[in-house]
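Sequences listed follow chains A and B, in order.
In terms of this note's numbering, the first sequence is numbered consecutively and its last residue is 283.
In terms of this note's numbering, the second sequence is numbered consecutively and its last residue is 287.
The set of hints was computed from the structure by calculation and includes no laboratory data.
A quick note: this is a predicted structure, and the numbers were derived from the prediction, not measured.
Just so you know, even glycine gets a beta-carbon here, dropped at the ideal spot from N, CA and C.
A hint or two may mislead.
[As the list claims (entries may be wrong)] Where chain A lies over chain B, by a calculated footprint (3+ residues, C-beta under 8 Å):
hint, segment
1, 45 to 59
2, 133 to 144
3, 227 to 237
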Amino acid sequence: MLKKIVLLAAVFFIAVPVFAAGKNSIQIKGSDTMVNLGQAWAEQYMENNPADFIAVTGGGSGTGLSSLISATCDIAMSSRNIKEKEISLAKNRGIEPYETKVALDGLAVVVNPANPVDKLTVAQLADIFTARISNWKELGGKDRKIVILSREVNSGTHVYFKEHVLRGNDSKSAAEFAPGALMLSSSQAIADEVAGNPAGIGYYGMGYVSSKQKPVAVAKDTASEYIAPTIDNVVNNTYPISRPLFIYTNGAPCGLVKKFVDFMLSIEGQKIVLDTDFVPVGK
Amino acid sequence: MRKIKEFLIEKLILICGLASIFFVGLIFIFLLKEGLAVFKSVSAFAFLGGSKWYPISEPPQLGILPLILGSLVVTVGAAIISIPIGVGCAVYIAEIAPLKIKEVLKAGIELLAAIPSVVLGFIGMITLVPLVKKVFHLPTGLTALSGSIMLAFMAMPTIVSIAEDALYSVPKNYKEGAFALGATHWQTIYRVILPAASRGILAAIMLGIGRVIGETMAVMMITGNAAVIPKSILVPVRTLTATIAAEMGEAVVGSEHYFALFAIGIVLFVISFAINVTADLCLHERI
């Protein structure tokens, strides 16, 4: 009996890694913003190629990149550029991060539909999220304290918003989210809180906007036009808070990974981008 | 043959016994090794007393005072709610309740202990958070108070079951003596049984608090996670545990942020170790 158990255990331990490392499977990890897109790609791709298996998980851009560095995934999805620090760390471990731009995303700033404020400038956004403006009445709204909603620090969206809105692309700026900003762990959590809180303001990829939230139109400065976050406005590059979405691989993609990346960039793949409310590249 | 078998089994059990100590030792060494490295870049004083937590900025600002205070506020709140209810419940079960009600109550409390914390957090997010927002007219319901109320539910089963054991172990003749002297039932409970079981009850409270301070998932979901020094219980807070859970995925291995998260782990370890030792001392009457 005991022998049988030992034998079984041995078979189990030897067999499981073999299954997991089957050569027809790809592990994809990273940006929560891109997880729906990644899953849509994977589903369509697996339908076309039933022999291959693709697993997509979220966790945040930083999570994806750190698992690419520790070689626990094949493709990292990221909604921000890889950092210098991460590149040098990867090189120390013999991994060459290779960047491919796969889609564009507009970051929607959302408020509760009951909030009369419907347009803001980038400078006003920076003031709101750093708490220099702390009451909606300063922006023409009701006398309510602004509740700032942000993603956690493992989110590429958090990093992008900080660098491009709070710091206005100025690498010397030291602006930070107000310490009182609520850090929520997912875009959906922000969407839910904004839907139920007339004083809330949050940001996330425009794919998450529903009728329960109101996206505000954003202007680059007071002299420019206020632009709504729509796919057209991101494509023609007039919406001020849009960003590229990347995937990172170890070296230029090859083999199965290349096949999948080519699928992402194909006409069929880019149609899925449009279907999941992102903006195709190369238009 | 029998002797050899006996010998082998004895040694096997010995190894099992030592294994847990061995693992605790290994975990502690690993924590120290990874956590103490943060003090190369930031002094212990600035780490524990700093009021700004911006771990991914350049250079990172690693002050965990808001996180310590956040954990403290949530824990104290949960203690204030759960101790009276928990001890009251234990007294009722041990001394007053008829057998049938006693069985139902005990089963109910065991059931409460069996609810996973993420489920409690989810229920709290949907029901408690909007309620807190409405009742106190707050800008948001994601506050320390919401966390405290939810954690009180988690601490209660521990407090009730251990306190109840302590009340049971008060010798029967104490109670009989009190009755013989003409004390009423309530006087007996209040003046004789509770003082006699006080150490056990204290241990129950300590273990309950230990559970609260280590809880992660529920607090992360309903306390708002804003790293500010809390001025009241009605503001969002960020706890030590939620910080580690939320940021571990992002921290680049070998960065200051990574070491700082391990250092937070040390702080948590020290706090819960102190609480458990206090509970143990209470239980074994060695103070």
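### Query
Which numbered hints are broken by the structure, listed smallest first?
none
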